[in-house]
Amino acid sequence: MSDAAPALEFRDIACRCGARPLFDGLDLAVPKGEVLGVLGPNGCGKSTLLGFADGLGTPARGTVLVGGEPVAALPARERAGRIALLPQVHRTPSMQVRDLVACGRYAHMGPFGQLGEKDERAVDEAISLMGLRALAHRNARRLSGGERQRAFIAMALAQEAGVLLLDEPTTYLDVRAAHELMALVRRLAAQRGMTVVAVLHDIDLALRFCDEVAVLGRERPTRLLAQGTPAEVAGGPALPAAFGVAAVPCERDGVRAYGLFEAEPPAGA
Amino acid sequence: MGSEAMGRSGSNTTQAARPRGGRLPALALLSLAALAAAALAGLVLGASGVGVADVLALLTGGRLTGTARSILVSIRIPRVLGGLLAGAAFASSGALIQAVLDNPLASPNVIGVNSGAGMAVLLVAALATAGVAVPVPLPVAAFLGALLASGLILAVSSRAGVSRLTVVLAGVAVNAVFGAGMNLVLTVAPNAYVGSSSYLVGGLSGVVLGSLAAPAALIAAGMALALALAARINVLALGHETAHALGVHVRALRAAGLACASLLAGAAVSFCGLIGFVGLMVPHVAKRFVGHDLRRVIPVSALWGATFTVLADVVARTAFAPYELPVGILMALMGGPFFVWLLMRGRGYRDE
Numbered sequence: 001m002s003d004a005a006p007a008l009e010f011r012d013i014a015c016r017c018g019a020r021p022l023f024d025g026l027d028l029a030v031p032k033g034e035v036l037g038v039l040g041p042n043g044c045g046k047s048t049l050l051g052f053a054d055g056l057g058t059p060a061r062g063t064v065l066v067g068g069e070p071v072a073a074l075p076a077r078e079r080a081g082r083i084a085l086l087p088q089v090h091r092t093p094s095m096q097v098r099d100l101v102a103c104g105r106y107a108h109m110g111p112f113g114q115l116g117e118k119d120e121r122a123v124d125e126a127i128s129l130m131g132l133r134a135l136a137h138r139n140a141r142r143l144s145g146g147e148r149q150r151a152f153i154a155m156a157l158a159q160e161a162g163v164l165l166l167d168e169p170t171t172y173l174d175v176r177a178a179h180e181l182m183a184l185v186r187r188l189a190a191q192r193g194m195t196v197v198a199v200l201h202d203i204d205l206a207l208r209f210c211d212e213v214a215v216l217g218r219e220r221p222t223r224l225l226a227q228g229t230p231a232e233v234a235g236g237p238a239l240p241a242a243f244g245v246a247a248v249p250c251e252r253d254g255v256r257a258y259g260l261f262e263a264e265p266p267a268g269a
Numbered sequence: 001m002g003s004e005a006m007g008r009s010g011s012n013t014t015q016a017a018r019p020r021g022g023r024l025p026a027l028a029l030l031s032l033a034a035l036a037a038a039a040l041a042g043l044v045l046g047a048s049g050v051g052v053a054d055v056l057a058l059l060t061g062g063r064l065t066g067t068a069r070s071i072l073v074s075i076r077i078p079r080v081l082g083g084l085l086a087g088a089a090f091a092s093s094g095a096l097i098q099a100v101l102d103n104p105l106a107s108p109n110v111i112g113v114n115s116g117a118g119m120a121v122l123l124v125a126a127l128a129t130a131g132v133a134v135p136v137p138l139p140v141a142a143f144l145g146a147l148l149a150s151g152l153i154l155a156v157s158s159r160a161g162v163s164r165l166t167v168v169l170a171g172v173a174v175n176a177v178f179g180a181g182m183n184l185v186l187t188v189a190p191n192a193y194v195g196s197s198s199y200l201v202g203g204l205s206g207v208v209l210g211s212l213a214a215p216a217a218l219i220a221a222g223m224a225l226a227l228a229l230a231a232r233i234n235v236l237a238l239g240h241e242t243a244h245a246l247g248v249h250v251r252a253l254r255a256a257g258l259a260c261a262s263l264l265a266g267a268a269v270s271f272c273g274l275i276g277f278v279g280l281m282v283p284h285v286a287k288r289f290v291g292h293d294l295r296r297v298i299p300v301s302a303l304w305g306a307t308f309t310v311l312a313d314v315v316a317r318t319a320f321a322p323y324e325l326p327v328g329i330l331m332a333l334m335g336g337p338f339f340v341w342l343l344m345r346g347r348g349y350r351d352e
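Taken in sequence, the protein lines are chains Y and B. Per the numbering used here, the very first residue in the first sequence carries number 1; after that it's consecutive. Per the numbering used here, the very first residue in the second sequence carries number 1; after that it's consecutive.
It is worth saying that the hints were derived from the structure and are not from the lab. Mixed in with the good hints there might be a few duds.
What the hints assert, rightly or not - Beta-carbon label-pair distances, calculated as ranges:
1. B:224 to Y:58: 31 to 39 Å
2. Y:111 to B:61: 35 to 43 Å
3. B:34 to Y:183: 29 to 37 Å
4. B:34 to Y:58: 33 to 41 Å
5. Y:14 to B:344: 51 to 59 Å
6. B:49 to Y:111: 46 to 54 Å
7. Y:20 to B:221: 47 to 55 Å
8. B:65 to Y:112: 46 to 54 Å
9. Y:220 to B:252: 31 to 39 Å
10. B:252 to Y:58: 16 to 24 Å
11. B:166 to Y:72: 22 to 30 Å
12. B:48 to Y:112: 44 to 52 Å
All figures in this text were calculated on a predicted structure; none of them were measured in a lab. Cβ atoms here follow ideal geometry from the backbone N, Cα and C, with glycine treated the same way.
Isolated chain Y (complex conformation) (with noise of 0.2 Å):
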């Protein structure tokens, strides 16, 4: 891992989730300019810690660090400037795709919500980078499901945050559009220096694109059971441990792929 600070970074989180403990003293630190994945089975609490890291709910014990300093403490538009947060579920309003990649410069809005020069450009240069330029002007519920996907992320490029923080961008793509969503993540987030944190459901997808995989246990409190690169998990016992499952590297073209098989949860794990 690198020896800079953390660009974002969880603390001794705990927070309960009914009468259940949640969390109770999660650690987590994300390595600035990397894209990590975190990999959880359903319910341990992978969209609560990303809503924490947005600052949409406070954990009942910890804190959240975004370039060292607490996310709760910061005010709106300077968190919205640091971080940016696609949730899980979002509806698309009826509005052309560049006014929705204009959402995202929110925090830049003049008083009677004009954007300057300068928010102009990260807008354009958010369509064009994720593809979009053709469609700039088509209304945002005529794209399809890997469109809409890349007008989201290109709204929440626009923030120009150095954070980014993803809740399953890939659910209902195909697999195709969800290889090339990743593929576009990785190289912005190499291009602009970003760090992204994705939460995906897909154990491949997560070994295959990001630089660094953080796996979450099953057993409540949550904890975290491994962190490192994909090779480093695919070969440790965490995967077993969350889902059961083993993932077995195969190569082709000097590209790397992992296919899933039943395992048994290791022994104490």
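On the provided structure of chain Y, position chain B as indicated by the hints.
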């Protein structure tokens, strides 16, 4: 309608093909022309004969008979102006409320903003007839009443995890309470308010120029505020979580939007009563033509709401002569079936 325009532009995706760029100015011009025509019809149609020539003469300072002048100045012009103001105010208030509560069922009449305003107006009027002078002008009292109603709704909507349906149901309850309150005041003090017989359904008879000045100023301020808020409130359509992530103070923005909607609806209720239908229907129709962008929906709703209200009032006072219906009744009578037809035609709202 909307789909047609999109289909046309779909083929031309390379250049900056703004699908509605060409249509919007045309739509605006057409709407303005319709508004002018409706206003003219409102001035010349009616029981007593006033012609287009008289209207022109009055506008240009030419000669016209004393009767025609007095009919125009003391009856028709206030009535048309009142209709324009009320229609524009209710329709843009409805557009705001639907966007802020993120719910197509909401409107100032449905969630109790109108009845809150009406209750305040009737209460102040009743107190005045009972000899208790309340040092608050009626439009301001109406605004405060509307603000109280929308404050109650906001309190419900800002509780975490409350569904959009709950918010509207809470509004229906608020509406019921204020509606009962108004009936209570009218039972105890039937003569509290001039024209109180048509107050609950909304009517424009008896509107005089002098009583329009203050509401007109409030409505103008409300429209300006609504347009300034439009781009921000647009972001709420993305849902609470996304809006929050973009840096929106969701609760504060909702409060500002509802306060603005209360200002608009309250000012209108203060002089014409609880005209209901226009605030629900016109924003829906406008959205079908210009999409969800409030920067377009609000001005278009205001234009169409004004036109619709004035036209409905013309029909209300001429079609059943010598009887005159309150415009609110006629509006629901004409608008209801049209609205249902529109919903059926567009296969309803599939995304709700």
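Going through the hints against the structure:
1. B:224 to Y:58: 31 to 39 Å: holds (37 Å)
2. Y:111 to B:61: 35 to 43 Å: Once the Cβ atoms are compared, 41 Å apart, the range 35 to 43 Å for residue 61 (chain B) and residue 111 (chain Y) holds.
3. B:34 to Y:183: 29 to 37 Å: Roughly 52 Å apart at Cβ, these two residues miss the hinted range, so it is violated.
4. B:34 to Y:58: 33 to 41 Å: violated (52 Å)
5. Y:14 to B:344: 51 to 59 Å: holds (53 Å)
6. B:49 to Y:111: 46 to 54 Å: With a Cβ separation near 51 Å, residue 49 (chain B) and residue 111 (chain Y) satisfy 46 to 54 Å, so the hint holds.
7. Y:20 to B:221: 47 to 55 Å: Cβ of residue 20 (chain Y) to Cβ of residue 221 (chain B): about 52 Å, so the range 47 to 55 Å holds.
8. B:65 to Y:112: 46 to 54 Å: About 47 Å separates the Cβ atoms of residue 65 (chain B) and residue 112 (chain Y), which means 46 to 54 Å holds.
9. Y:220 to B:252: 31 to 39 Å: Since the Cβ atoms of residue 220 (chain Y) and residue 252 (chain B) sit about 36 Å apart, the hinted range of 31 to 39 Å holds.
10. B:252 to Y:58: 16 to 24 Å: holds (18 Å)
11. B:166 to Y:72: 22 to 30 Å: Because 27 Å falls inside the window, the suggested range holds.
12. B:48 to Y:112: 44 to 52 Å: For residue 48 (chain B) and residue 112 (chain Y) the Cβ distance comes to about 45 Å; the hint holds.
Of the hints listed earlier, those the structure fails to meet are numbers 3, 4, in rising order.
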